[in-house]
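Student: In case you want the letters, here they are:
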Amino acid sequence: MLKLYGKYFSIHLKSTMQYKGSFFATLIGSFLTSFTVFLGISFMFQRFHKVAEFSYEEVLLCYGIMLMGFSVAQMFASGFKVFDSMIANGEFDRILCRPRNEIFQVLAYRIDFIRVGMLLQGIVMLVYGLASCYVDWNFSRVITVIFMAVGGCVLFSALFLLDGSIAFFTLQGLEFMNVFTYGAIEHGKYPLSIYGKGMLTFCTFVIPYALVQYYPLTYVLGRSDNPLFIFLPLLACLFVVPCWIVWRIGVRRYKSTGS
Amino acid sequence: MIEVQDLRKTFKVARREAGFGQAVKALFHREYTYVHALDGVSFRIGDGEMVGYIGPNGAGKSSTIKILSGILTPDSGKCLIDGRIPWKSRQKHVKEIGVVFGQRTQLWWDVPVVDSFELLKEIYAIPTEVYKKNVDQLTELLDLAQLLRTPARQLSLGQRMRCEIAGSLLHNPKILFLDEPTIGLDAVSKLAVRDFIKRLNQERHTTVLLTTHDMQDIEALASRILLIGKGKILLDGSLEDIRRGGSHIDETVAELYKKFDVT
Amino acid sequence: MKKYLAFFRLRFTMGLQYRAAALGGLVCQFFWGAMYILSMKAFYDTDPAAFPMTFPAAASYIWLQQALLTLVSMGGIDNEFFNVIQNGNVAYELCRPVDVYGMWFTRSAATRVANALLRCVPVLAVAALLPAPYGMAAPPDLPAFLLFLVSLTLALGVVTAIGMIVYMITFHTITPRGVRLIAVGICDFFSGNIVPLPFFPEGFRQFSELLPFSSTANVPIRIYTGDLAGREMVVLMLMQVFWIVALVGVGKLLEWKELKTVVVQGG
Numbered sequence: 000m001l002k003l004y005g006k007y008f009s010i011h012l013k014s015t016m017q018y019k020g021s022f023f024a025t026l027i028g029s030f031l032t033s034f035t036v037f038l039g040i041s042f043m044f045q046r047f048h049k050v051a052e053f054s055y056e057e058v059l060l061c062y063g064i065m066l067m068g069f070s071v072a073q074m075f076a077s078g079f080k081v082f083d084s085m086i087a088n089g090e091f092d093r094i095l096c097r098p099r100n101e102i103f104q105v106l107a108y109r110i111d112f113i114r115v116g117m118l119l120q121g122i123v124m125l126v127y128g129l130a131s132c133y134v135d136w137n138f139s140r141v142i143t144v145i146f147m148a149v150g151g152c153v154l155f156s157a158l159f160l161l162d163g164s165i166a167f168f169t170l171q172g173l174e175f176m177n178v179f180t181y182g183a184i185e186h187g188k189y190p191l192s193i194y195g196k197g198m199l200t201f202c203t204f205v206i207p208y209a210l211v212q213y214y215p216l217t218y219v220l221g222r223s224d225n226p227l228f229i230f231l232p233l234l235a236c237l238f239v240v241p242c243w244i245v246w247r248i249g250v251r252r253y254k255s256t257g258s
Numbered sequence: 000m001i002e003v004q005d006l007r008k009t010f011k012v013a014r015r016e017a018g019f020g021q022a023v024k025a026l027f028h029r030e031y032t033y034v035h036a037l038d039g040v041s042f043r044i045g046d047g048e049m050v051g052y053i054g055p056n057g058a059g060k061s062s063t064i065k066i067l068s069g070i071l072t073p074d075s076g077k078c079l080i081d082g083r084i085p086w087k088s089r090q091k092h093v094k095e096i097g098v099v100f101g102q103r104t105q106l107w108w109d110v111p112v113v114d115s116f117e118l119l120k121e122i123y124a125i126p127t128e129v130y131k132k133n134v135d136q137l138t139e140l141l142d143l144a145q146l147l148r149t150p151a152r153q154l155s156l157g158q159r160m161r162c163e164i165a166g167s168l169l170h171n172p173k174i175l176f177l178d179e180p181t182i183g184l185d186a187v188s189k190l191a192v193r194d195f196i197k198r199l200n201q202e203r204h205t206t207v208l209l210t211t212h213d214m215q216d217i218e219a220l221a222s223r224i225l226l227i228g229k230g231k232i233l234l235d236g237s238l239e240d241i242r243r244g245g246s247h248i249d250e251t252v253a254e255l256y257k258k259f260d261v262t
Numbered sequence: 000m001k002k003y004l005a006f007f008r009l010r011f012t013m014g015l016q017y018r019a020a021a022l023g024g025l026v027c028q029f030f031w032g033a034m035y036i037l038s039m040k041a042f043y044d045t046d047p048a049a050f051p052m053t054f055p056a057a058a059s060y061i062w063l064q065q066a067l068l069t070l071v072s073m074g075g076i077d078n079e080f081f082n083v084i085q086n087g088n089v090a091y092e093l094c095r096p097v098d099v100y101g102m103w104f105t106r107s108a109a110t111r112v113a114n115a116l117l118r119c120v121p122v123l124a125v126a127a128l129l130p131a132p133y134g135m136a137a138p139p140d141l142p143a144f145l146l147f148l149v150s151l152t153l154a155l156g157v158v159t160a161i162g163m164i165v166y167m168i169t170f171h172t173i174t175p176r177g178v179r180l181i182a183v184g185i186c187d188f189f190s191g192n193i194v195p196l197p198f199f200p201e202g203f204r205q206f207s208e209l210l211p212f213s214s215t216a217n218v219p220i221r222i223y224t225g226d227l228a229g230r231e232m233v234v235l236m237l238m239q240v241f242w243i244v245a246l247v248g249v250g251k252l253l254e255w256k257e258l259k260t261v262v263v264q265g266g
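Residue numbers (numbering that gives the first Met the number 0), protein chains in the order written: chain A, 0 to 258; chain B, 0 to 262; chain C, 0 to 266.
For the record, the hints were derived by calculation from the structure and aren't laboratory data. A hint or two may mislead.
[Claimed, not checked] What the simulated footprint calls covered on chain A by chain C, stretch by stretch (three residues with Cβ under 8 Å from a Cβ of chain C suffice, anywhere in the stretch; the number is not a length):
no.	segment
1	11–23
2	35–47
3	188–198
Cβ coordinates follow ideal geometry from the N, Cα and C atoms, glycine included.
Start from the sequences and build out the full structure, keeping to the hints where you can.
Tutor: Below, the structure written as C-alpha cells:
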C-alpha cells in the first residue's frame, strides 16, 4: 500500500512540475492567503496587545500549530475536496473498477503540493511562538504540541472526508461544510475560549476542535496542569469514525442509484 | 461465464421544468419520475464469446455494464460472473475484469503513458514478469513503441485509445467490457482497434462485451448481438439472423429500432 | 439592455435551482459573521479604548460585509470566464464583432448582482433581528443610506474592473488558479475583508486607501455604519470614480493588445 502511494506521489510530483510557472504562482497565492491572515493578527495586536488572557506570541503559537495540521490535511486529503467533480466526471466509477480501497484511491487521486506555502508559514509561526512564549519546555509539553498538530491534521482530514461524502447525497457538495473546515482555520487562529462559553462547548462536544486546540494549549502554556489535556487531541481523532460511517452509507447509496 | 437473470433497476429522477416560476416552486417541492432502466434483463455469455450490445441512447446499456462491473447494485435479479456476484465482492471481482470507457481516460494527462502503466501494475499488484511480458506483447500488437514515452495529453484520440485498451489488459483480465471504444476515432485507428480486439478474443480467448453505436464495429467483431430497448432485451442472435437481404447494416438496425418502437 | 436582462434572469434562475448550495451558503456566511463578531467582542472587552469605532458599528460592518460578499469581493469573480480562457473557447469570443470588454464587464457584474440578491436579503434579515450590540443597526440617516447605495454601485464597478484585469492576466498564464488566489488574497486584505481598514496601523491605513482595492467594499460599508462621513467620505468616493475610469482604461488597453495577438496568431 505504501509503495503504491509512493507511485501516486511521484506521478503527482511529475505532473505538477510540468507546469512550473503556474505551480509557483499558485504557491505564492496560497502563501498570501495565510500570510494576510497573519498580518491581520499582527495589526490587531499592535492595537490591543492582548486578547482575553492571550498574548500575541501565544496566539501565533496556536495559529501555527493549527495551520500545520490544516495545510497537511489540505495537501493529502484534497481528493475529498474535489470529490463532487469526481462523481460528476465518472472518475469515481473508475475507482470502483479497481481492486483497491475506495478511500485510499480518493486520497491518492489528488495531492495538492501548493499547500507547502501554507505549511511553511505554519512552521515559521510555530517556531516564532515557541521561541518567544515564556514556556518552561519539558517532555510532556513537547509531546502535547506534537499531538495537537497530528490531531488537528486528522480532524481536518475527517471533515474533508465528511465534506466529500456529502457529495453522494447532494451532488454539488454542501457549501456550509466550509464553515467547519475553512471556518475552523480562519477562526481557530485565536484560542477558542475567546468566542465565549457556547462556542467552546460546541467545539468540545460537536466538532471537537477545542480538543486539539484550546485545552492542550492551556496545558502547554502552563495555565492548566491537568495531564488529561495532553491526550485530548488523540481522543479528537475518533471523530473520523462517524465521518467514515457517513462515507460508507454514501458509497452504498451511490452503488444503488448510480449517481 | 456471465449469467444474468431478470435484472431490474429503477431510477428516481427529479423533474425540472423550465421557467422562472417553476424554479421557485422547485425550491419547496420537487416532483420525481421513475425511469425503468432495466426491466427484467436476462442473458448468458459463455467464456471466450464476443458479444455486441446495442440499443439506442438511454436503453439501459451502461446500467448493465455498470452492474456487471460491480459499480451498480440492481434492485432485483441475479448476476453471476465466474461464480462471483459483482456488487457483493467488488475488489475480488474487478481484479478479473477490464473496463474501457470510450469517453473517459484512465491515463494520467501530464506524464508519459508508461508511468500510468506502472501505476496500474501496482494497483493490480501484477507480478513484474507478467507485467513485462504483457507490456511487450501489447506494445507489439497495438504498435505502442513510439507512444509509451509520450505524455497522454500529446497523443491523438486514436493513439490514446490504443494505450487505454492496453492499460486495461495489463492484469490479464478474463473478461473485457468495452463501452464505445471507437467513438470519435479516425478510420485507421478504428481498424487497428477492431483488429486488435479480434486477435485478443481469438488468441487469449478473452470474453468481450462491447457496446457501440458504430454498426461497422458490430459487423467486424461480434458474432452475436444483444439488442436492448426500454430496459428489455429485444433480440439475441447472430448478425445473420437480423440482417435482411443485404441491406446496409445501419439501415437494418434502424429498421429494428423502428420495429420494436425504441427510438 | 433586454439581452442583459434575459441573461440576468437566467443566472438568477440557475442560482435558485441549486437550493442546497444557496442554503448552505447562507448558513456559512451567517456562522462566519457570528464568529467574526465574537472575536471582535473579545478584543473590545480586552481594551475598549483602543477600538477605533463603536462596537455596534463594527457588528453592522461585519454583517454587511458578509451580505455583500458575492457582490463586491474578489471571491465573487465569475469563474465562467476563467473556463472560457482555459479551454480556448475565448478565441471565438474575441473574434465576434462585439465589444468584448463591454460584454464581459456587464455579464460579470450581472452575475455578481444575481448571486448577491439570493444571499444578502436573508443574511441581513436575520442580522437585523439579533439583539442590540451584535445585530445589524440602521444607517445613521437617509442621506447616508442613499450615499451608501451610490458608493456600493461604484464599488461594484471597481471590483468588476479589477476582475477584468485579472481575466486579461489569465490570458498569459492560462491556468487561472494561481492568479485567482493572488488576486483574492491581495484584494481581500486591502479591502478590509480580513481586518477592517480602521483597525490598520495609521500609516498603513493611509497607504491602503490609495490602492484601488480599498475602493471596493471598504467605502460603502463604512458609509453605512456611519464610520465614514464628511470630507473624508467625499474624497474616498471620488477615489472610487477615479479608479473605475483608470481600471477600465487599463483593462481596455490590455484587451486591445490581446485582440492584436489573437489576430496575429490567426493570420
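Student: Against each hint, give a clear statement of whether it holds in the structure.
Tutor: Cross-check of the supplied hints:
no.: 1; hint: 11–23; in the structure: holds (count 5)
no.: 2; hint: 35–47; in the structure: holds (count 9)
no.: 3; hint: 188–198; in the structure: holds (count 5)
Checked against the numbered hints above, the structure violates none of them.
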